[in-house]
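Number of protein chains: 2
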Amino acid sequence: MVDRTNLDLFGKDLSVINLGLPSFGRDLAAQGVSVVDPSWQPPAGGDEVSVAALTRFLAWPEAAHRKVREANELAVKRLREAQPVILDVRVARDVVPGMHDKLILHAGPPVTWERMCGPMRGGVIGGLIYEGLASTREEAEKLAASGEITFEPCHHHASVGPMAGIMTASMPVWVLENKTFGNRAYCTLNEGLGKVLRYGAFSEEVLTRLRWMRDDLAPALAKVLAASGPIDLRTIVAQALQMGDEGHNRNRAGTSLVLRHIAPHLVESDLPRHVVARVLRFLDGNDHFFLNLTMPACKSAVEPIRDIPFSTVISTMARNGTDFGVRLAGLVDRWFTAPATKVDGLYLPGFSADDAALDIGDSVITETAGIGGFAMAAAPAIVTFVGGSAADALRVTKRMYEITLGEHPVYQIPALDYRGTPTGIDVMRVVEKNVLPAVNTGIAHKEPGIGMVGAGLVKPPVACFRDAFQAFVGAYDERAKALG
Amino acid sequence: MVDRTNLDLFGKDLSVINLGLPSFGRDLAAQGVSVVDPSWQPPAGGDEVSVAALTRFLAWPEAAHRKVREANELAVKRLREAQPVILDVRVARDVVPGMHDKLILHAGPPVTWERMCGPMRGGVIGGLIYEGLASTREEAEKLAASGEITFEPCHHHASVGPMAGIMTASMPVWVLENKTFGNRAYCTLNEGLGKVLRYGAFSEEVLTRLRWMRDDLAPALAKVLAASGPIDLRTIVAQALQMGDEGHNRNRAGTSLVLRHIAPHLVESDLPRHVVARVLRFLDGNDHFFLNLTMPACKSAVEPIRDIPFSTVISTMARNGTDFGVRLAGLVDRWFTAPATKVDGLYLPGFSADDAALDIGDSVITETAGIGGFAMAAAPAIVTFVGGSAADALRVTKRMYEITLGEHPVYQIPALDYRGTPTGIDVMRVVEKNVLPAVNTGIAHKEPGIGMVGAGLVKPPVACFRDAFQAFVGAYDERAKALG
Numbered sequence: 001m002v003d004r005t006n007l008d009l010f011g012k013d014l015s016v017i018n019l020g021l022p023s024f025g026r027d028l029a030a031q032g033v034s035v036v037d038p039s040w041q042p043p044a045g046g047d048e049v050s051v052a053a054l055t056r057f058l059a060w061p062e063a064a065h066r067k068v069r070e071a072n073e074l075a076v077k078r079l080r081e082a083q084p085v086i087l088d089v090r091v092a093r094d095v096v097p098g099m100h101d102k103l104i105l106h107a108g109p110p111v112t113w114e115r116m117c118g119p120m121r122g123g124v125i126g127g128l129i130y131e132g133l134a135s136t137r138e139e140a141e142k143l144a145a146s147g148e149i150t151f152e153p154c155h156h157h158a159s160v161g162p163m164a165g166i167m168t169a170s171m172p173v174w175v176l177e178n179k180t181f182g183n184r185a186y187c188t189l190n191e192g193l194g195k196v197l198r199y200g201a202f203s204e205e206v207l208t209r210l211r212w213m214r215d216d217l218a219p220a221l222a223k224v225l226a227a228s229g230p231i232d233l234r235t236i237v238a239q240a241l242q243m244g245d246e247g248h249n250r251n252r253a254g255t256s257l258v259l260r261h262i263a264p265h266l267v268e269s270d271l272p273r274h275v276v277a278r279v280l281r282f283l284d285g286n287d288h289f290f291l292n293l294t295m296p297a298c299k300s301a302v303e304p305i306r307d308i309p310f311s312t313v314i315s316t317m318a319r320n321g322t323d324f325g326v327r328l329a330g331l332v333d334r335w336f337t338a339p340a341t342k343v344d345g346l347y348l349p350g351f352s353a354d355d356a357a358l359d360i361g362d363s364v365i366t367e368t369a370g371i372g373g374f375a376m377a378a379a380p381a382i383v384t385f386v387g388g389s390a391a392d393a394l395r396v397t398k399r400m401y402e403i404t405l406g407e408h409p410v411y412q413i414p415a416l417d418y419r420g421t422p423t424g425i426d427v428m429r430v431v432e433k434n435v436l437p438a439v440n441t442g443i444a445h446k447e448p449g450i451g452m453v454g455a456g457l458v459k460p461p462v463a464c465f466r467d468a469f470q471a472f473v474g475a476y477d478e479r480a481k482a483l484g
Numbered sequence: 001m002v003d004r005t006n007l008d009l010f011g012k013d014l015s016v017i018n019l020g021l022p023s024f025g026r027d028l029a030a031q032g033v034s035v036v037d038p039s040w041q042p043p044a045g046g047d048e049v050s051v052a053a054l055t056r057f058l059a060w061p062e063a064a065h066r067k068v069r070e071a072n073e074l075a076v077k078r079l080r081e082a083q084p085v086i087l088d089v090r091v092a093r094d095v096v097p098g099m100h101d102k103l104i105l106h107a108g109p110p111v112t113w114e115r116m117c118g119p120m121r122g123g124v125i126g127g128l129i130y131e132g133l134a135s136t137r138e139e140a141e142k143l144a145a146s147g148e149i150t151f152e153p154c155h156h157h158a159s160v161g162p163m164a165g166i167m168t169a170s171m172p173v174w175v176l177e178n179k180t181f182g183n184r185a186y187c188t189l190n191e192g193l194g195k196v197l198r199y200g201a202f203s204e205e206v207l208t209r210l211r212w213m214r215d216d217l218a219p220a221l222a223k224v225l226a227a228s229g230p231i232d233l234r235t236i237v238a239q240a241l242q243m244g245d246e247g248h249n250r251n252r253a254g255t256s257l258v259l260r261h262i263a264p265h266l267v268e269s270d271l272p273r274h275v276v277a278r279v280l281r282f283l284d285g286n287d288h289f290f291l292n293l294t295m296p297a298c299k300s301a302v303e304p305i306r307d308i309p310f311s312t313v314i315s316t317m318a319r320n321g322t323d324f325g326v327r328l329a330g331l332v333d334r335w336f337t338a339p340a341t342k343v344d345g346l347y348l349p350g351f352s353a354d355d356a357a358l359d360i361g362d363s364v365i366t367e368t369a370g371i372g373g374f375a376m377a378a379a380p381a382i383v384t385f386v387g388g389s390a391a392d393a394l395r396v397t398k399r400m401y402e403i404t405l406g407e408h409p410v411y412q413i414p415a416l417d418y419r420g421t422p423t424g425i426d427v428m429r430v431v432e433k434n435v436l437p438a439v440n441t442g443i444a445h446k447e448p449g450i451g452m453v454g455a456g457l458v459k460p461p462v463a464c465f466r467d468a469f470q471a472f473v474g475a476y477d478e479r480a481k482a483l484g
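Those protein sequence lines, which keep their order, are chains A and B.
Numbering-wise (the working numbering), the first sequence opens with residue 1 and increments by one.
Numbering-wise (the working numbering), the second sequence opens with residue 1 and increments by one.
The set of hints was computed from the structure by calculation and includes no laboratory data.
Mixed in with the good hints there might be a few duds.
Mimicking DSBU-like on lysine-lysine, the simulated pairs with C-alpha atoms at most 35 Å apart in a straight line are [stated by the list, open to error]:
1. 179/B with 77/B
2. 398/A with 398/B
3. 446/B with 342/B
4. 433/A with 459/A
5. 223/A with 223/B
6. 398/A with 459/A
If you want a taste of the chain B side facing chain A, the calculated C-beta under 10 Å gives, among others [as the list claims (entries may be wrong)]:
7. 242
8. 243
9. 245
10. 259
11. 265
12. 267
13. 276
14. 280
15. 283
16. 284
17. 390
18. 418
Here a beta-carbon is modelled for each residue, glycine too, at the ideal position from N, C-alpha and C.
With the rest of the complex left out, here is chain A (with noise of 0.2 Å):
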């Protein structure tokens, strides 16, 4: 038992700094002394190699630290000026830059027809037959694994694709400008959940869906814009994190505020009337059209920060399904890739984690660019989906703020008094806190053919941000020095 007497000799209280077990500050605690638990870990987790680029890092002279910080401050300063805008709805042909008859387009960093996961194989075979080149899996398998296909990541071609993310040449795709810096991003149309290509479904359900979305969804979408002109997205995204969504596995407001924009202009097109029917029942029944919304409006805001020398904030988070990956702004288009992780999730009736593949798509570009599970705050439902609470979904969005460099202006959560979400990652931060960026997610069974599974959140990889830091340091270590 602690003295009390002795404490009051110094005439106001003291505390204790515990730095050792926490069970010793709770037996002072117990005993009325305030005691700080400073809850200390080890820099980048104790991770040596880490702890070595940190020390690397720290050591650079102030005025590469200035560079440093004014590098961040750009690359903060274009995510958070980001204006994105949906202008069209074109085929991938003739739009999507490089696009071609035997490209397909991929979610994640580059992967091989080898290397590439079921529901990924999946997608591919679907977009083959869907083009034409070939009329059965088998044909499409060999097609795929002859050389004669490209594979390319979205990524590579200013797009994005949730899941699968396959893109072909004549799919319809949104085309998107972010006004302030005048860069477009591109990103196929949503089909809804199931049995869906980018979930690797390809039987003859996907396929006529697809034809349907190219001869007439996309065609009508089309029009609207032609009539209504661009339709200013930041707005909308801004509006539907007040409304429950988080934009990555919640789509509901969002897709609602599109389709009561369009829906007047869809009417007094000159589209038939059941078409304009079937069209407006298609995104009623769709919550998540919008997902194909967010995600090239946040690519749209990442491309400008592909290239920015000395910063440290990530451009890209991706998955293949295989690896996920990471690009930094100062590292320009280089990969740094780690295997995929499982996704902790809860799965449709008849599936269990067992028929899960691993963490696809490129739909963590909400989180690169500040939404999806970095404003999980604005969509408790999605924790409460996993079984947690709406104080976890908080949790998770303020731990965020930790790793990021700054808070969007007009994405704001209600929930924590219209705070800005936290914008621009810091490798760095997330390497020396060891605080992995927060991921929302869908799950697409493991073999191709059979689609979506369940949903959740996962934990990327660790290593291909610890790497993404260490090229860094590695990168920049002489100009650096050479600063002092």
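For chain A, the structure is supplied; the task is to place chain B on it using the hints.
The following block gives chain B in isolation, referenced to the frame of chain A:
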């Protein structure tokens, strides 16, 4: 200074219960002594007549208290079980019980033309011109004062009306049914904001819009309902609460959800395309469209508790701009009124508190049924609008659990981990705890003919709750004692 060694003599820690000034407790707490502050307030805010009524009530035999409990449990059960659906849109004359061409229904408890506030007079003037019973303001005022027109509360005709709440015979109305109990409720269609009849405006612009609503909007909605079948409002309200609405001052999500539900049916109808487009534009341009659905939904929910002997649950709250009125389940149709209060709000440019009418409208039926101000935690935007924080919004809802007897099974609040909204206001608790129902509202100009000037929060007058409780105790005292 407290000698802590004395405390130790007892072998365990002691606490002090501080019934004195808060500063006594703070002094002890500063010395590390555990202090319990019961934050005591006198019952009924110290009101002697209410204390006397509470004393009489508490003296009732246990059998009487059991009867009160059972009656209140029944009331809460019925409120929880309500299943409001939209059946139809019809002309008031054809469906509203007792409606006739010389009858004007208004918001709140009964009020004569002489005692009507400005915006309600404005609504009456507009209603008479709309019906062709007068052609100028002067003619209308003369007719209204002549005794030839009957004025009755909407609430006496299974109806509710926002703000002035004027309903005349040829106005179109929503027809709702509480599926569980089979009772119906009616409400006019929402006109939008600004210069509108419900805020007392009656210019040509207002009347032209009302005629369009009668001639185009209402028949269109009726066609949709004929095609779609009844629309389940319980589910839509529940979803809207997950999307930042509270169903009284914020209805953006509810309006969006209704729009997306009806849009395909509208397009598939035989209505001219320009009519369909205008209906969709009107809904998209009016985020309060859904208010005139939450209101009759709540009216249909409270109607089954209109007459429950021995129940202290509030069955109606309503204001006519002159008086605030309350009815109890245990006293059936008897109104208890007190002068309407001022609204604490924000004003549109060019207007100030000097322009404001007093609290007005039947929209407080939402709070009576457990949404609106009671669900404030779901819609922090409303509180921040008047300078509060998200924490304030949480506090408002938490406070309402103190005066309610149940929680709604499907109307839930994400930020409170999906706790059901506080449902079933117990007038005894309101009086005893001196905690008044939290009410959100719009603000009308005090003169007829002008319209909306702001929105805010309002504290109902305590007197009508105290009167109602005293009357309840008086009405049941003999029967209660006889049970002993």
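Each hint, compared with the structure:
{"no.": "1", "hint": "179/B with 77/B", "result": "holds (15 Å)"}
{"no.": "2", "hint": "398/A with 398/B", "result": "holds (23 Å)"}
{"no.": "3", "hint": "446/B with 342/B", "result": "holds (11 Å)"}
{"no.": "4", "hint": "433/A with 459/A", "result": "holds (15 Å)"}
{"no.": "5", "hint": "223/A with 223/B", "result": "holds (27 Å)"}
{"no.": "6", "hint": "398/A with 459/A", "result": "holds (16 Å)"}
{"no.": "7", "hint": "242", "result": "holds (5 Å)"}
{"no.": "8", "hint": "243", "result": "holds (4 Å)"}
{"no.": "9", "hint": "245", "result": "holds (8 Å)"}
{"no.": "10", "hint": "259", "result": "holds (5 Å)"}
{"no.": "11", "hint": "265", "result": "holds (8 Å)"}
{"no.": "12", "hint": "267", "result": "holds (4 Å)"}
{"no.": "13", "hint": "276", "result": "holds (5 Å)"}
{"no.": "14", "hint": "280", "result": "holds (4 Å)"}
{"no.": "15", "hint": "283", "result": "holds (7 Å)"}
{"no.": "16", "hint": "284", "result": "holds (5 Å)"}
{"no.": "17", "hint": "390", "result": "holds (5 Å)"}
{"no.": "18", "hint": "418", "result": "holds (6 Å)"}
Of the hints listed earlier, there is not a single one the structure fails to meet.
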